[in-house]
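Asker: Here are the chains, one letter per residue:
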Amino acid sequence: MRLVRSLSRLRAAHAAALALAALLMPCRPAAAAADLLQKSLVKIYTTAQEQNYYEPWRVNAQQQWSGSGCVIAGNRILTNAHVVSDAIFIEVRKEGDSQKYVARREYVAHDCDLALLKVDDPAFFRGTRPVTFGGLPFKRDKVAVYGFPVGGDELSVTEGVVSRIELSVYAHSWKELLNVQTDAAINPGNSGGPVFQGDKVVGVAFQGYNAVVAQNTGFFVPVPIIRRFLDETRKGAYREIPGFGASVEGLENPALRAFYGMKHGQSGALVTRVSYGSSAWGLLQPGDVLLSFDGFAVANDRTIGFRKGERIGFAYPLGLHHIGESIKVTVLRKRRTLALAMPLKEPVTLVPLPAHDRKPTYFIFDGLVFTPFNMNYPGVTDSTPPELKALCFHDVPTRERRQVVLLNHILSHVINKGYGPSFNDVIVTAVNGHPIGDMKELVAAFKDPKDGRHVIEIDKAKEAGTRIVLDAAQSGQASAEILREYGVPADRSPDLAEAAP
Amino acid sequence: MKRALATALAALCLCAACSRRPPEAPPAPAPPAPPPRAFDRSVVKIFVTSQNTDYFEPWKPGAQVQSEGCGTIVAGGRILTTARLVARADYIEVQRFEETAKSVARVEQVGFDTDLATLTVDDKDFFKGAQPVQFGDLPERGDKLLVQGGDKLSIREDTVAAVGMVYSEEGARELPAVITASGADHASNGCPVFRLKDGKCVGLPFDASNKPDKTGALLPGNVIERFFRATQNGQPYAGLPDLGFYTQDLENPALRSSFKMPPGQGGEIVSTVFTQGSADGVLQVGDVLTSVDGHAVDNSGYVSLDGIGRMPEMYPLFFHLVGESVDLGLLRDGKPLTAKMPLKPASRLLPYREDLRRPSYFMAGGLVFVPLTDNYFSTAEWATFKPTLQDLYFHGLPSPQRRQVVIISHVLPHMINKGYDKVKDAVVTAVNGRPITQLKDLVEAFRHPQGAFHVIQIDDYHWAGSSVVLDAGSTPRATAEILKTFEIPSDRSADLD
Numbered sequence: 001m002r003l004v005r006s007l008s009r010l011r012a013a014h015a016a017a018l019a020l021a022a023l024l025m026p027c028r029p030a031a032a033a034a035d036l037l038q039k040s041l042v043k044i045y046t047t048a049q050e051q052n053y054y055e056p057w058r059v060n061a062q063q064q065w066s067g068s069g070c071v072i073a074g075n076r077i078l079t080n081a082h083v084v085s086d087a088i089f090i091e092v093r094k095e096g097d098s099q100k101y102v103a104r105r106e107y108v109a110h111d112c113d114l115a116l117l118k119v120d121d122p123a124f125f126r127g128t129r130p131v132t133f134g135g136l137p138f139k140r141d142k143v144a145v146y147g148f149p150v151g152g153d154e155l156s157v158t159e160g161v162v163s164r165i166e167l168s169v170y171a172h173s174w175k176e177l178l179n180v181q182t183d184a185a186i187n188p189g190n191s192g193g194p195v196f197q198g199d200k201v202v203g204v205a206f207q208g209y210n211a212v213v214a215q216n217t218g219f220f221v222p223v224p225i226i227r228r229f230l231d232e233t234r235k236g237a238y239r240e241i242p243g244f245g246a247s248v249e250g251l252e253n254p255a256l257r258a259f260y261g262m263k264h265g266q267s268g269a270l271v272t273r274v275s276y277g278s279s280a281w282g283l284l285q286p287g288d289v290l291l292s293f294d295g296f297a298v299a300n301d302r303t304i305g306f307r308k309g310e311r312i313g314f315a316y317p318l319g320l321h322h323i324g325e326s327i328k329v330t331v332l333r334k335r336r337t338l339a340l341a342m343p344l345k346e347p348v349t350l351v352p353l354p355a356h357d358r359k360p361t362y363f364i365f366d367g368l369v370f371t372p373f374n375m376n377y378p379g380v381t382d383s384t385p386p387e388l389k390a391l392c393f394h395d396v397p398t399r400e401r402r403q404v405v406l407l408n409h410i411l412s413h414v415i416n417k418g419y420g421p422s423f424n425d426v427i428v429t430a431v432n433g434h435p436i437g438d439m440k441e442l443v444a445a446f447k448d449p450k451d452g453r454h455v456i457e458i459d460k461a462k463e464a465g466t467r468i469v470l471d472a473a474q475s476g477q478a479s480a481e482i483l484r485e486y487g488v489p490a491d492r493s494p495d496l497a498e499a500a501p
Numbered sequence: 001m002k003r004a005l006a007t008a009l010a011a012l013c014l015c016a017a018c019s020r021r022p023p024e025a026p027p028a029p030a031p032p033a034p035p036p037r038a039f040d041r042s043v044v045k046i047f048v049t050s051q052n053t054d055y056f057e058p059w060k061p062g063a064q065v066q067s068e069g070c071g072t073i074v075a076g077g078r079i080l081t082t083a084r085l086v087a088r089a090d091y092i093e094v095q096r097f098e099e100t101a102k103s104v105a106r107v108e109q110v111g112f113d114t115d116l117a118t119l120t121v122d123d124k125d126f127f128k129g130a131q132p133v134q135f136g137d138l139p140e141r142g143d144k145l146l147v148q149g150g151d152k153l154s155i156r157e158d159t160v161a162a163v164g165m166v167y168s169e170e171g172a173r174e175l176p177a178v179i180t181a182s183g184a185d186h187a188s189n190g191c192p193v194f195r196l197k198d199g200k201c202v203g204l205p206f207d208a209s210n211k212p213d214k215t216g217a218l219l220p221g222n223v224i225e226r227f228f229r230a231t232q233n234g235q236p237y238a239g240l241p242d243l244g245f246y247t248q249d250l251e252n253p254a255l256r257s258s259f260k261m262p263p264g265q266g267g268e269i270v271s272t273v274f275t276q277g278s279a280d281g282v283l284q285v286g287d288v289l290t291s292v293d294g295h296a297v298d299n300s301g302y303v304s305l306d307g308i309g310r311m312p313e314m315y316p317l318f319f320h321l322v323g324e325s326v327d328l329g330l331l332r333d334g335k336p337l338t339a340k341m342p343l344k345p346a347s348r349l350l351p352y353r354e355d356l357r358r359p360s361y362f363m364a365g366g367l368v369f370v371p372l373t374d375n376y377f378s379t380a381e382w383a384t385f386k387p388t389l390q391d392l393y394f395h396g397l398p399s400p401q402r403r404q405v406v407i408i409s410h411v412l413p414h415m416i417n418k419g420y421d422k423v424k425d426a427v428v429t430a431v432n433g434r435p436i437t438q439l440k441d442l443v444e445a446f447r448h449p450q451g452a453f454h455v456i457q458i459d460d461y462h463w464a465g466s467s468v469v470l471d472a473g474s475t476p477r478a479t480a481e482i483l484k485t486f487e488i489p490s491d492r493s494a495d496l497d
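Going down the list, the sequences are from chains A and B. Using this note's numbering, the first residue of the first sequence is number 1, and each one after it goes up by one. Using this note's numbering, the first residue of the second sequence is number 1, and each one after it goes up by one.
Don't read these hints as lab results, they were simulated from the structure. Hints may contain errors.
Claimed, not checked - Straight-line distance between alpha carbons at most 25 Å, and here's what the computed DSS-like set of lysine-lysine pairs gives:
hint	chain 1	residue 1	chain 2	residue 2
1	A	389	B	386
2	B	424	B	484
3	A	450	A	417
4	B	144	B	60
5	A	389	A	359
6	B	200	A	263
7	B	60	B	440
8	A	235	A	345
9	A	359	A	118
10	A	447	B	344
11	B	418	A	389
12	A	118	A	200
13	B	344	B	440
14	B	484	B	440
15	A	100	A	118
16	B	124	B	144
17	A	345	A	359
18	A	417	B	260
19	B	128	B	60
20	B	424	A	389
21	A	450	B	335
22	B	60	B	422
23	B	260	A	450
24	A	440	A	450
Unchecked claim - Sample of chain B residues at the chain A side, in silico, Cβ under 7 Å:
hint	residue
25	251
26	258
27	262
28	265
29	271
30	285
31	338
32	465
33	485
34	486
What the hints assert, rightly or not - To spell it out: a stretch of chain B is covered by chain A in this simulated footprint if at least three of its residues, at any positions, have a beta carbon under 8 Å from a beta carbon of chain A; those stretches are:
hint	segment
35	243 to 250
36	326 to 337
37	390 to 401
Values in this document were obtained by computation on a predicted structure and should not be read as measured data. Backbone N, C-alpha and C define an ideal beta-carbon position, used for all residues, glycine too.
Given the sequences, and given the hints that come with them, work out the whole structure.
Answerer: Next comes the structure, spelled out in structure tokens:
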């Protein structure tokens with residue numbers, strides 16, 4: 001799935017392709033009813049610099065792109081997080097206006113891909129009409145997508161119906177949340193633009209499939225997710241959608257249900273693992289059968305009843321709750337039903353999902369660049385070594401291992417001579433005899449050399465005995481030289497600063 | 001459609017071959033021909049009808065394939081060719097160079113690791129006038145070569161560019177190689193390469209992946225002679241020996257001092273010893289390997305060999321047989337010692353690629369269990385395999401707990417396995433509380449249900465989950481029904497009976 005934002009480098013190619021199609025298209029008069037709605041429409045121009053996760057002290061080359069947005073009550077602009085992610089400079093232009101105004105980010109919620117912008121010049125909001133929100137539409141309801149996609153500079157309106165409503169992946173955050181699919185055309189540049197049902201906004205257009213994969217499949221962030229976001233912003237700081245933290249599998253097979261002690265007619269889903277530090281940690285256990293979640297009965301296929309005649313993934317209610325709230329969960333444990341109150345915490349994953357607007361964590365020791373493995377890591381793609389990719393999907397945090405610490409690469413220097421590129425992207429298991437479960441433990445372990453040496457144990461392709469040994473007496477000087485020669489401003493990211501040696 | 005065509009063509013070809021065989025018609029007087037060159041009398045054409053193996057549905061006979069290649073007449077009335085060409089053959093015919101008659105041949109020995117095979121021909125007249133090839137020593141850079149190949153056994157010249165080691169696609173490992181200046185169009189078709197100056201065979205081309213672009217790779221004559229030694233007197237080929245350990249370079253001064261390396265001493269750290277491999281019980285993790293077979297190992301893991309040059313430390317092994325021993329020089333805790341290491345065949349979690357006619361499988365309640373092998377990865381696009389499986393492919397090592405990886409490759413749908421449709425390529429860890437270290441364990445474990453259930457634990461959390469449970473009482477009947485519905489002859493491969 002790709003994000004729909006109009007990267008400037010894509011624009012020329014699209015213009016050429018569309019020029020041909022335009023010849024075949026009959027002209028149609030603009031619908032008069034749309035005029036009022038247009039008064040909320042904003043085109044957003046972003047200049048951004050994304051972080052470089054391979055050399056985490058650097059930022060990547062500047063990029064420019066454009067997206068869409070709409071004015072909401074309180075003189076704010078609602079758009080997608082990915083339209084203004086890692087932005088350095090943002091300008092906005094009202095539909096029908098020629099002037100661009102400078103805008104600032106007020107709240108950015110990367111998990112649900114929403115953001116609020118402020119414009120300091122009050123003149124900007126003159127003549128605008130804040131949108132009002134509707135509800136969650138039904139399948140086959142007619143919707144219209146407003147925005148500024150590729151193909152031109154002026155407002156574009158496309159229409160279609162709601163095709164599907166379910167939990168699916170938000171490409172910006174890789175989180176699974178309530179998502180509405182439409183067959184209205186949603187193209188690069190539509191991102192952040194409002195989706196209207198009649199004169200009410202029912203969503204924010206944000207992603208679509210590449211045409212090679214599927215046609216007429218655009219997606220918008222629906223109102224329940226938008227409302228939760230706006231509720232959070234009223235508290236003065238955005239806090240993420242809470243996480244559950246238990247792996248749950250379906251119990252569709254009758255023998256499987258009987259084996260786990262379920263009575264005839266009883267339904268539920270099996271808890272198989274619980275992530276350390278998550279909402280479920282300390283409450284649920286592997287082998288529990290999840291019978292109900294936030295008051296909804298969980299079916300054997302891991303769904304709950306939604307609206308009349310509709311079902312949805314059981315995790316749906318999480319997207320409506322706030323961290324700190326508590327939800328009711330009932331489980332079957334050893335054939336007894338337990339009702340539990342689960343306080344909701346931040347989501348935890350062993351390998352962090354893609355992060356934005358955040359300085360990457362790193363630590364450099366004698367030229368060895370250590371980072372926590374994360375999904376921003378250069379190309380968690382087809383070329384990522386399978387042992388790392390497996391961690392992303394298959395493993396959960398445990399008490400002993402909360403992060404996977406990688407030796408990312410080595411800045412060559414005489415002190416690390418002989419440890420070449422074969423040590424790129426290898427997992428660090430222990431330093432100076434201390435097991436390494438996160439970056440803080442790594443930094444601390446380097447304060448404790450053994451017999452004048454630092455010994456870094458590596459899980460390199462399961463070769464358990466592989467290690468790096470460094471001369472502790474030369475470490476300080478070498479580290480300083482390496483930082484100077486490679487132009488690295490600091491030996492660690494600011495978040496590790498309190499652990500100074 | 002493709003398969004149907006292939007079968008139709010195969011049938012046609014076979015008929016043509018039968019009718020073309022000229023019986024006792026008196027031979028027409030041959031026109032005077034120029035005296036054939038040495039290799040004309042030692043090269044034969046090979047016509048093969050073989051059957052592919054279906055590693056996904058192992059009970060199915062695979063599609064029939066017709067292929068052609070060449071072979072070389074070697075001493076003892078045998079023909080040397082490649083394993084790839086003949087290993088899966090149902091029917092083989094051979095034809096002498098510039099002859100019209102074809103004779104039936106049979107596979108005698110197969111070595112998948114070096115992609116070599118020998119054929120025998122019952123018709124002893126076949127070899128009349130033949131000249132067995134002689135294998136030369138390792139050629140030198142710049143030596144001119146004669147390469148035969150293609151449909152008409154066309155001949156072209158080539159030059160030796162280097163001697164080294166490259167990755168063999170067929171053998172799925174690094175092999176000694178003679179690198180030639182131009183690439184072979186028909187690598188692995190068994191056509192021999194001769195050295196121009198003495199007419200001796202210096203190797204067989206093979207499919208290699210990590211060689212320089214547009215170059216070719218030959219399996220050198222000395223590795224071929226090793227294959228003959230390994231199979232002499234008809235003993236079955238036991239494969240290449242394996243060192244059975246991994247090493248790490250010892251270049252860094254701090255690393256060297258931590259391993260008490262004297263100045264000037266070369267060597268490599270033993271970082272991993274494979275369970276049941278050659279080094280198991282001989283070497284320890286943390287030993288420093290200083291010599292292999294009398295050749296000093298340097299800090300990057302290379303040995304210097306007379307007339308060959310600098311080669312990876314495992315190179316001397318390619319001239320030894322399984323059962324022989326090599327001498328290893330070691331430093332253990334800084335003290336020198338020598339060890340005799342008896343050589344064993346490769347110990348791998350995923351067996352090397354071997355084209356088996358009837359791969360192993362076991363089916364119960366519609367769950368298809370197979371061992372994870374190199375071959376299994378040929379059943380689909382690489383990118384479609386889960387990273388956990390890809391990881392096993394690259395890094396899986398056998399341990400006392402796990403000698404094979406057993407997976408549920410897929411599920412044949414039936415009422416009994418309702419809800420398990422997502423189970424695909426899932427690694428099986430235990431069945432009915434018994435750990436599964438190889439396919440055989442599974443058959444035994446299914447004899448001991450856990451109460452009323454068969455409980456199959458899988459390590460597939462992100463995808464299908466962690467457990468598959470079947471009603472033990474109805475499993476035999478369901479299995480029988482599934483065999484019938486899906487037209488499967490047996491619930492297990494013959495090796496599990």
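Asker: With reference to the structure, classify each hint as holding or not holding.
Answerer: Structure-based check of each hint:
1. A:389 - B:386: Roughly 9 Å between the alpha carbons, so the hint for residue 389 of chain A and residue 386 of chain B holds.
2. B:424 - B:484: Given that 25 Å is the threshold and the Cα spacing comes to 22 Å, the pair holds.
3. A:450 - A:417: 20 Å, holds
4. B:144 - B:60: 47 Å, violated
5. A:389 - A:359: 22 Å, holds
6. B:200 - A:263: Outside the cut-off at roughly 79 Å; violated.
7. B:60 - B:440: This hinted pair holds, its Cα atoms lying about 21 Å apart.
8. A:235 - A:345: 17 Å, holds
9. A:359 - A:118: With Cα atoms ~24 Å apart, residue 359 of chain A and residue 118 of chain A stay inside 25 Å; holds.
10. A:447 - B:344: Since the Cα atoms of residue 447 of chain A and residue 344 of chain B sit roughly 45 Å apart, the hinted pair is violated (cutoff 25 Å).
11. B:418 - A:389: 30 Å, violated
12. A:118 - A:200: 22 Å, holds
13. B:344 - B:440: 22 Å, holds
14. B:484 - B:440: 24 Å, holds
15. A:100 - A:118: Measuring from Cα to Cα gives roughly 13 Å; hence the hint holds.
16. B:124 - B:144: Cα-Cα ~34 Å, so violated.
17. A:345 - A:359: 23 Å, holds
18. A:417 - B:260: Holds. Residue 417 of chain A to residue 260 of chain B sits at ~18 Å (cutoff 25 Å).
19. B:128 - B:60: Violated - the C-alpha atoms of residue 60 of chain B and residue 128 of chain B are around 41 Å apart, more than 25 Å.
20. B:424 - A:389: 18 Å, holds
21. A:450 - B:335: Distance ~22 Å between residue 450 of chain A and residue 335 of chain B Cα, so the pair holds.
22. B:60 - B:422: Distance of about 23 Å is within 25 Å: holds.
23. B:260 - A:450: 15 Å, holds
24. A:440 - A:450: Given pair residue 440 of chain A, residue 450 of chain A holds - Cα atoms ~19 Å apart, limit 25 Å.
25. 251: With Cβ-Cβ at 3 Å, under 7 Å, it holds.
26. 258: Where the cut-off is 7 Å and the nearest Cβ of chain A is about 5 Å from residue 258 of chain B, the hint holds.
27. 262: Nearest chain A Cβ about 17 Å off; hint violated.
28. 265: With a minimum Cβ separation of about 15 Å from chain A (threshold 7 Å), the hint on residue 265 of chain B is violated.
29. 271: Constraint on residue 271 of chain B satisfied, holds at 4 Å.
30. 285: 4 Å, holds
31. 338: 21 Å, violated
32. 465: 3 Å, holds
33. 485: 19 Å, violated
34. 486: 19 Å, violated
35. 243 to 250: holds (count 4)
36. 326 to 337: That given contact is violated, which follows from only 0 residues of the segment 326 to 337 of chain B lying within Cβ reach (below 8 Å) of chain A.
37. 390 to 401: holds (count 7)
Violation of the numbered hints given earlier is confined to hints 4, 6, 10, 11, 16, 19, 27, 28, 31, 33, 34 and 36; the remaining hints are satisfied by the structure.
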